Amino acid sequence: MAGDASSGAARELLLVLAVAFAGLLLALVAVFTPWHTTPDGAAPAAPVELRTPTERPGTTTG
Numbered sequence: 001m002a003g004d005a006s007s008g009a010a011r012e013l014l015l016v017l018a019v020a021f022a023g024l025l026l027a028l029v030a031v032f033t034p035w036h037t038t039p040d041g042a043a044p045a046a047p048v049e050l051r052t053p054t055e056r057p058g059t060t061t062g
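My numbering puts the first residue of the sequence shown at 1, with every later residue one more than the last.
It is worth saying that the hints were derived from the structure and are not from the lab.
All of these numbers come straight from a predicted model, not from anything done at the bench.
Backbone N, C-alpha and C define an ideal beta-carbon position, used for all residues, glycine too.
Just so you know, nobody snuck in bad clues.
Label-pair ranges, simulated between beta-carbon atoms:
#: 1; residue 1: 34; residue 2: 6; range: 45 to 53 Å
#: 2; residue 1: 48; residue 2: 22; range: 32 to 40 Å
#: 3; residue 1: 27; residue 2: 6; range: 31 to 39 Å
#: 4; residue 1: 15; residue 2: 52; range: 48 to 56 Å
#: 5; residue 1: 49; residue 2: 8; range: 53 to 61 Å
#: 6; residue 1: 10; residue 2: 51; range: 57 to 65 Å
#: 7; residue 1: 51; residue 2: 16; range: 47 to 55 Å
#: 8; residue 1: 54; residue 2: 28; range: 38 to 46 Å
#: 9; residue 1: 49; residue 2: 20; range: 39 to 47 Å
All chains should be built: construct the whole structure from the sequences, respecting the hints.
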């Protein structure tokens, strides 16, 4: 029974490998593509501003 594999099995295996390769390619594109745009010459925006619990806010005058 194991020796009854036809060309249909090879075609199915090739399809599975092609879909896996396409998924891997899409995952790599998603990982290495920038997710935000930056103006010319500006540093990329930070998603979070970190502060320590003891840091006091600056005073404003005026």
